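Asker: The lines below spell out each chain.
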Amino acid sequence: MGLIRDLAIQGAQMLLVLALSPLLIGLVRKVKARLLRRRGASLVQPYRDLWRLMRKEVVLADSASWLFRVAPYLIFACTWVAAALVPTFATGLMFSWTADLIAIIALLGSARFFLALAGMDVGTSFGGIGSSREMMIAAVAEPAMIMIVFSLALLAHSTQLSTVAGYMLSSNVGLRVTLAMALIALILVAIAETGRIPIDNPATHLELTMVHEAMILEYSGRHLAVLELAAALKLLLYVSLIACVFVPWGLAPVGSGLAATVIGLGAYLGKLTVAGALLALFETAVAKMRVFRAPEFLGAALMLGLLGTLLLFLSRGGLR
Amino acid sequence: MSGADWLLICDAGLLALAPLAMFACRRSWANGAIHGAALILCLMAGALALSTLLAGGAAQQVVLPLGLPWIGARFRLDALSAAFAAVVNLGGAAACLYGVGHGRHEREPQRVLPFLPVFIAGMNLVVLADDAFSFLVSWEVMSVASWALVMAHHHDPANRRAGYIYLLMASFGALCLLLAIGLLAGPAGSYAFDAIRAHRVSGRVAGLVLTLALLGAGSKAGLVPLHVWLPLAHPAAPSHVSALMSGVMTKVAIYAFVRIVFDLLGSPDPWWSVPVLLLGAATAVLGILQGLLQTDLKRFLAYSTVENIGIIFIGLGLALAFRAEALPLAAALAMTAALFHVLNHALFKSLLFLGAGAVLGATGERDLERMGGLIRRMPITAVVFLVGAMAISALPPLNGFVSEWLTFQAVLVSPQIGATALKFLVPAVGAMLALAAALTAAAMVRAYGVAFLGRPRSNAAAQAKETDPWSLAAMIILAGLCLAAGVLPGFVIDALAPVARTLTGAPMPAQSAQAWLSIVPIAESRSSYNGLLVLAFIIASASLSAFAIHRLASRALRRAPAWDCGFPEPSAATQYTAGSFAQPLRRVFGARIFAARDQVDMPAPGDIRPARFTMLVRDRIWEGLYQPLALAVGWTADRINRLQFLTIRVYLSLVFLALVSLLLGLALWD
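Protein chains in written order, with this note's numbering: chain S, 1 to 320; chain R, 1 to 670.
Read the hints as simulated data drawn from the structure, not as lab findings. Please note: incorrect hints may appear among the correct ones.
A partial selection of chain S residues facing chain R, derived with a Cβ cut-off under 7 Å [unchecked claim]:
no. : residue
1   : TYR47
2   : ASP49
3   : ALA61
4   : ALA106
5   : LEU107
6   : SER125
7   : MET136
8   : GLY166
9   : TYR167
10  : ALA277
11  : LEU278
12  : ALA300
13  : MET303
14  : LEU306
15  : LEU311
16  : LEU314
As the structure is a computational prediction, the values presented were derived from the model and not from experiment. The C-beta atom is built at its ideal place from N, Cα and C for all residues, glycine as well.
Please construct the entire structure, taking both the sequences and the accompanying hints into account.
Answerer: As structure tokens, then:
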């Protein structure tokens with residue numbers, strides 16, 4: 001019985017993240033439009049876009065190799081597996097022991113590796129510019145993220161995301177300076193990693209400011225749809241990550257009944273809405289940075305993460 | 001006969017191949033025969049070492065009546081030796097298999113064939129040696145043979161310079177090791193390692209031995225700032241020898257460090273780990289940053305070796321720190337991480353160098369800026385190179401990720417360390433490790449993207465042909481091993497358990513008993529990773545989504561010119577190059593470290609002179625350390641040179657003075 005329930009939760013989680021991620025994108029776009037006093041497209045517009053792209057034929061550049069055609073599916077798969085392992089509405093996912101937080105970050109790294117390669121495959125200058133900038137941003141964002149993971153892992157005595165969420169739900173957390181630092185750093189990293197303003201602009205098509213858009217410039221049809229879906233999944237993943245670590249309230253604990261699961265689902269939807277609205281608000285309030293300001297932005301995240309970890313190293317005996 | 005005997009017989013066979021190769025090297029069959037024979041001997045030796053390791057690594061000793069009469073030549077096969085012998089022979093076998101095909105294109109086989117088996121045998125003997133004399137002699141055999149291989153293409157002045165610098169650094173390293181072992185042996189002068197183990201040195205002498213071991217082994221392994229020879233010498237050799245030097249010989253240097261510091265030196269002081277960690281972190285970051293600036297594919301790979309040596313030394317430094325604090329379980333974890341990375345680096349660096357050799361053979365190019373589009377011309381090489389590039393970038397589900405993951409887990413148990421200096425140092429080292437990993441991914445995207453993807457930048461690249469089946473077989477086997485070690489890491493950890501137990505006093509928990517072949521370093525609630533399931537999930541979801549989309553939505557496809565925002569440019573020169581890919585990273589990280597500057601000379605409108613872009617980068621270690629040193633040596637030599645032109649009376653009085661001062665010194669000493 002327990003096995004079936006765990007499997008069901010894991011399966012539901014996988015489908016849920018896949019189903020909700022375009023909605024989150026739609027929500028952010030809608031709120032942004034309203035803040036700019038436009039009416040904006042409907043909330044389900046991203047689904048329509050995806051469906052239409054999927055049914056269109058692919059126009060493949062002459063110089064594209066097999067890597068260019070395989071990469072979208074690999075990127076999508078890596079992102080989806082990573083997103084499926086982040087608790088959304090319930091902890092104790094069946095396969096959460098497969099990959100801990102470090103491995104989830106590394107899985108996103110694999111997705112980025114293929115995306116950057118795909119950007120270079122056709123042999124155009126825009127693809128190269130996107131890949132080069134993406135890897136530069138990642139080179140600063142990834143150490144910052146690892147430092148955040150260190151802070152959380154040292155507090156919760158685990159790199160297992162379910163255990164971390166369980167620890168955050170327990171009563172012995174309290175207010176900690178390290179947690180505040182980790183939260184700010186994680187938000188900065190999440191903004192950079194998901195390609196939002198001020199690091200990258202998902203709505204831009206001005207060539208010289210593109211990062212993510214430049215890498216996928218040559219993609220069309222179903223390949224583009226899969227990549228868009230992967231990008232939406234990545235945004236959802238980071239929102240879920242922040243939610244499950246820093247606002248874990250409502251998460252259905254291991255072995256809880258149907259009622260708790262429903263509450264968990266409701267709480268998760270609520271968290272997504274708030275996060276989407278906050279993201280839209282933030283994006284309308286700040287301007288995009290120059291590319292070479294991005295390392296400073298992320299350097300702050302790295303320093304906060306390192307400082308938080310150092311505080312933990314100095315203040316306590318650490319893990320036993 | 002014991003396994004150690006058989007291993008020595010294999011090494012003797014390898015040594016015996018050398019004279020054979022010398023006489024036969026001009027024959028057409030020589031290349032295949034010598035490489036093939038060396039391959040078989042390596043496979044046998046590797047299987048012997050592996051079986052010893054899997055059997056638990058009980059020490060077997062052999063004393064041969066060679067060398068110094070009062071100790072003979074002692075050899076010993078224990079868990080540590082067996083693990084490194086397995087790595088050496090695995091790398092050796094791959095290189096030999098590759099050489100069967102690749103060596104046919106060698107213009108001067110007489111400069112490669114005799115030295116290659118000696119080189120492999122030398123490395124084998126270093127890890128087997130059990131007394132100071134045979135250790136140092138084997139070490140020098142390894143150095144000299146590899147020097148001869150570096151000089152194989154000596155018509156190129158750059159290679160001659162590389163060989164010269166290598167020779168200097170190798171002599172320096174050997175001198176340091178000689179002094180280190182001399183100090184270990186002590187005034188009693190017992191040069192057998194057993195006797196050294198029985199009489200441990202301590203205090204200041206032990207610290208001095210550690211420093212000398214760091215200098216001696218570090219100069220061979222490529223620790224910053226002793227790495228300068230490595231990016232010159234490794235690429236100069238023929239490609240399968242480059243693979244051996246980068247993938248395997250640096251590991252022998254790691255072995256020397258581990259043997260001296262963990263085995264012979266006894267219980268460590270807490271401060272010992274500080275220089276090891278500092279040097280390791282600096283090596284990791286500086287190595288890959290310098291690699292990012294290279295456009296020579298093989299030189300870039302050599303710099304990436306420097307980076308990986310840094311990662312291994314970080315693991316060893318953590319193990320030292322844990323051992324000094326009497327935390328055997330944590331020490332075993334850090335040690336296992338370092339040893340796992342030793343194996344991993346031997347696998348993927350050999351693979352990448354062999355791939356670079358295949359590209360070099362097919363295009364005649366080492367310069368990234370003249371490659372491009374090779375994924376279409378060399379499809380199999382492109383796939384295996386991609387596997388190697390992913391593995392070295394520490395991406396799941398391949399093997400590089402597992403060892404970095406284990407190192408991170410070791411960093412996460414380090415708050416237990418009491419020493420305050422380490423409490424500051426270890427988190428910073430963890431951040432450096434993460435930075436190095438992220439930079440490696442960027443560097444590998446750059447190398448792979450420029451060499452294999454895009455459009456060909458030269459005729460040679462456009463005309464490239466896939467390499468021969470022998471070379472492909474060697475690379476495919478290595479790529480398969482990278483994948484296998486990545487998805488089934490538990491078996492590797494279990495195989496390394498005897499080594500960790502002998503060096504740190506505690507083994508890692510057994511991993512093969514874990515459900516679903518996960519690895520669980522400490523406890524499942526703490527951390528676990530399952531490469532097999534990650535791979536299965538990725539494959540399943542990728543094929544599921546591809547199948548669903550092709551089935552339910554659309555499978556139509558049309559070829560067309562690239563879009564490129566509406567302005568496609570047919571010239572391949574408009575693509576991003578290796579230099580331009582690295583520009584953002586160069587600007588972010590290189591401005592301080594390498595004083596990297598870009599100078600753009602843009603003529604005014606109407607002016608017809610061409611625009612110019614100049615990139616200025618300075619190697620501060622070379623300018624700040626080695627150039628002054630070379631100047632000082634030259635200056636001193638000029639002064640000492642005067643001693644050559646004195647009269648006999650002055651010489652006699654100098655001899656007399658030297659004698660008196662020595663006697664005086666002795667009198668004062670007692």
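Asker: Please go over all the hints and tell whether each is borne out by the structure.
Answerer: Consistency of the hints with the structure:
no.	hint	in the structure
1	TYR47	violated (13 Å)
2	ASP49	violated (13 Å)
3	ALA61	holds (4 Å)
4	ALA106	holds (5 Å)
5	LEU107	holds (6 Å)
6	SER125	holds (5 Å)
7	MET136	holds (4 Å)
8	GLY166	violated (9 Å)
9	TYR167	violated (10 Å)
10	ALA277	violated (30 Å)
11	LEU278	violated (28 Å)
12	ALA300	violated (14 Å)
13	MET303	violated (10 Å)
14	LEU306	holds (5 Å)
15	LEU311	violated (10 Å)
16	LEU314	holds (6 Å)
Violated hints, listed in ascending order, are 1, 2, 8, 9, 10, 11, 12, 13 and 15; each of the other numbered hints is respected by the structure.
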